[in-house]
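Protein chains: 10
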Amino acid sequence: MLFKVEMTVNPPSHLSEEEFNAIKLKEKNYAEELQREGIWVHLWRVAGLYANVSIFEVRDNQHLHDVLMALPLYPYMNVSVTPLCQHPSSIK
Amino acid sequence: MLFKVEMTVNPPSHLSEEEFNAIKLKEKNYAEELQREGIWVHLWRVAGLYANVSIFEVRDNQHLHDVLMALPLYPYMNVSVTPLCQHPSSIK
Amino acid sequence: MLFKVEMTVNPPSHLSEEEFNAIKLKEKNYAEELQREGIWVHLWRVAGLYANVSIFEVRDNQHLHDVLMALPLYPYMNVSVTPLCQHPSSIK
Amino acid sequence: MLFKVEMTVNPPSHLSEEEFNAIKLKEKNYAEELQREGIWVHLWRVAGLYANVSIFEVRDNQHLHDVLMALPLYPYMNVSVTPLCQHPSSIK
Amino acid sequence: MLFKVEMTVNPPSHLSEEEFNAIKLKEKNYAEELQREGIWVHLWRVAGLYANVSIFEVRDNQHLHDVLMALPLYPYMNVSVTPLCQHPSSIK
Amino acid sequence: MLFKVEMTVNPPSHLSEEEFNAIKLKEKNYAEELQREGIWVHLWRVAGLYANVSIFEVRDNQHLHDVLMALPLYPYMNVSVTPLCQHPSSIK
Amino acid sequence: MLFKVEMTVNPPSHLSEEEFNAIKLKEKNYAEELQREGIWVHLWRVAGLYANVSIFEVRDNQHLHDVLMALPLYPYMNVSVTPLCQHPSSIK
Amino acid sequence: MLFKVEMTVNPPSHLSEEEFNAIKLKEKNYAEELQREGIWVHLWRVAGLYANVSIFEVRDNQHLHDVLMALPLYPYMNVSVTPLCQHPSSIK
Amino acid sequence: MLFKVEMTVNPPSHLSEEEFNAIKLKEKNYAEELQREGIWVHLWRVAGLYANVSIFEVRDNQHLHDVLMALPLYPYMNVSVTPLCQHPSSIK
Amino acid sequence: MLFKVEMTVNPPSHLSEEEFNAIKLKEKNYAEELQREGIWVHLWRVAGLYANVSIFEVRDNQHLHDVLMALPLYPYMNVSVTPLCQHPSSIK
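Top line first, the protein sequences correspond to chains L, C, E, A, Y, U, W, F, G and Z.
In terms of this note's numbering, the first sequence opens at residue 2 and continues consecutively.
In terms of this note's numbering, the second sequence opens at residue 2 and continues consecutively.
In terms of this note's numbering, the third sequence opens at residue 2 and continues consecutively.
In terms of this note's numbering, the fourth sequence opens at residue 2 and continues consecutively.
In terms of this note's numbering, the fifth sequence opens at residue 2 and continues consecutively.
In terms of this note's numbering, the sixth sequence opens at residue 2 and continues consecutively.
In terms of this note's numbering, the seventh sequence opens at residue 2 and continues consecutively.
In terms of this note's numbering, the eighth sequence opens at residue 2 and continues consecutively.
In terms of this note's numbering, the ninth sequence opens at residue 2 and continues consecutively.
In terms of this note's numbering, the tenth sequence opens at residue 2 and continues consecutively.
Chain L with its partners taken away, still in its complex shape (with noise of 0.2 Å):
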């Protein structure tokens, strides 16, 4: 079951960069992870902004939120999330 969720990331002021740079990398290593499990199926970037456009392949609603809520940047984003189904005019 497809879902689109878009991120969009503020940096909190009361990090250190050195600790920030912590969590982003620990999102990074997350996102990847997603991605190879099939889970994160698309990953684009927003061109210009620190957001992103995304598309999640998971089971259910509850296997949404526990994807998201477990992404280290979480606290520090604005999240929306969409869901899709099959569009009549699509070939795949």
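Among the clues, some could well be false.
Distance condition first, Cα-Cα at most 25 Å in a straight line; then the derived DMTMM-like pairs of lysine to aspartate or glutamate [stated by the list, open to error]:
| no. | chain 1 | residue 1 | chain 2 | residue 2 |
| --- | --- | --- | --- | --- |
| 1 | E | Lys29 | C | Glu18 |
| 2 | E | Lys27 | E | Asp67 |
| 3 | F | Lys5 | Z | Glu7 |
| 4 | G | Lys5 | F | Asp61 |
Rather than coming from a laboratory, the hints here were simulated on the basis of the structure.
Once you have looked at the hints, place chains C, E, A, Y, U, W, F, G and Z on chain L.
The following block gives chains C, E, A, Y, U, W, F, G and Z in isolation, referenced to the frame of chain L:
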């Protein structure tokens, strides 16, 4: 070059159902052709809405504009365009 | 899988009262059928508005989409969809 | 009398994780008590967000106000309130 | 139980002035009746706008809904509803 | 001359609970005094929110401004002002 | 007593150009009369828009309401009203 | 050349009351000077808000920018700018 | 003096395609004339939208207003105006 | 390929004036370099605001992203990006 395009259809009240169905059929044919050409690379329905989330791969902004303006449903849609690029955590 | 769906009805000015009443009767029958099937699990009126707050239990996003698109009043409504899941403090 | 209440939690940056966890534990206990009393009749998590959709059954507006103001997390939440009533197509 | 209700009238262009005046007369009569019954307890015009700010005293949400839906001008208004209760600094 | 004033309180995080309580006590005293003087003619709590809906009767815009600016909580509130007048359907 | 009033004109599509010109002429005459009476004290065009920024000096809210409701273009305008008073740094 | 400028002051929490009063005094002096020079031609307080509505008469956009940027309170204000011109119904 | 002007065209449903094409041809001629006169200094299409981003160089606000109001498409456009000036980091 | 980029600067309160001036100097140098390279083709100040309207000419979305992310002021700005293309009425 990738763009996210979101389209919401507002069916016109001044067209008959037949006229509007004829336009939707042209749209479907055009959408399938663009998918086969590798230009409309993803096309998802937003669950519960007469709307889609799409990813286009085009040569440049002009190419995107020409492709979108030729959509038979274009006069009956709200369209938003977001330029995308490579995300540093993407493994593709 | 649960979704909150909020619907606001915008009665069309180009339909006669009879025509619109016929659509509302079909809507009522369809809504009752979906409730008996356990798909439309809650249906509340928003006090003072021609709107409702609803909870649907469906198999997946596609199922939700198909159920909503079949609503006879769908062309005359604004619809918003929110995916729900288990709350850690819920005792159900 | 039913109300939909939507709550979004904004974790405060000036509290330690321990302090905030203590508040969240009080919230959980209070939420469970209100559920057992039949006041907080539904409590769902919004998938992907630190937010909930809730249905409260209370005696009147004042009762709702007193119940919400006593939420330990209240100072860290955005809250919206929508009065509900019987829907003519509901079979309950 | 008190509610603030704000109403903005959008005069319909498809009605003749006579037809609309007939509806406004019914509205005036109904409003005066509800005021005499102690249900529509305050009714103020917003200066410069075709809008009002009103306070209703009703038995419950359902009562409010039934009263508002019966307004002859309801189909031509935007309505917003806010539940009120006792303020701790009020001396009434 | 009547005005609707809506106030939402944003408790400041840089004040101690004691300091803020002292300000709230001054506010309560001032609000009660204005009510006894017939200036703050209605004061309702919005159910579920740290907010109020108020009606002020003042000599003119300047009087309203002076009264509101003297509110001890003013620095911690969002305030909106709406000028009111006689409604043609009001029986008062 | 001063008010800022902003008006944006939405020319109606269901009137002929002649009919609308007749209304605009009445509006012009009425506006000039109110200016000569010292009620409509300033009237500026917003550059590039079919809109104005105006300052009215009136006896009270009711007077403002009566003056604005009598504008021949009122049914074709969006209007916003802001009560003004003396600024402590004004030298007038 | 005329511009409407609206300014809302957001008093900074990181300045002492003395420091902020010193800035406000400079602002008052500067505002009075600009008024005497015929640049800040109108200055009204918005009733109930820490905000003003102003009319500036300047040589050009650059002049407006330089005048506004020199406001001592500028760093603590939200500012909006609207270019004005002659209204065809103005008798001035 | 420079202004950014953004225009979005809303094709009117009550005009025939021929009538609207005639207006668009007049618009094109007028736009080209203003460009040759050095008034409409930049004119870009927004990719994917029936909209443009434009830069006008005019004598003053009044000149801008007169130029825009003479656009044949003006009645069918949403227009926003932003006054510009020299940027301190610009090397032009 | 052209993009309109709008930037609004929010000066950070946690930096000293010296530190922020150092960042602004780097920004100025970088902006001048990008202008000399023909990448930042237009740079205008919005009159009255700490904001700019810019036109960038870049190879593709990725190029735009890399150029913007390298702005020394980027962490202190709100940025919006609009892809542009040739307008059919442009004579350039």
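Quick rundown of the hints versus the structure:
no., hint, result
1, Lys29/E with Glu18/C, "holds, 24 Å"
2, Lys27/E with Asp67/E, "holds, 17 Å"
3, Lys5/F with Glu7/Z, "holds, 22 Å"
4, Lys5/G with Asp61/F, "holds, 15 Å"
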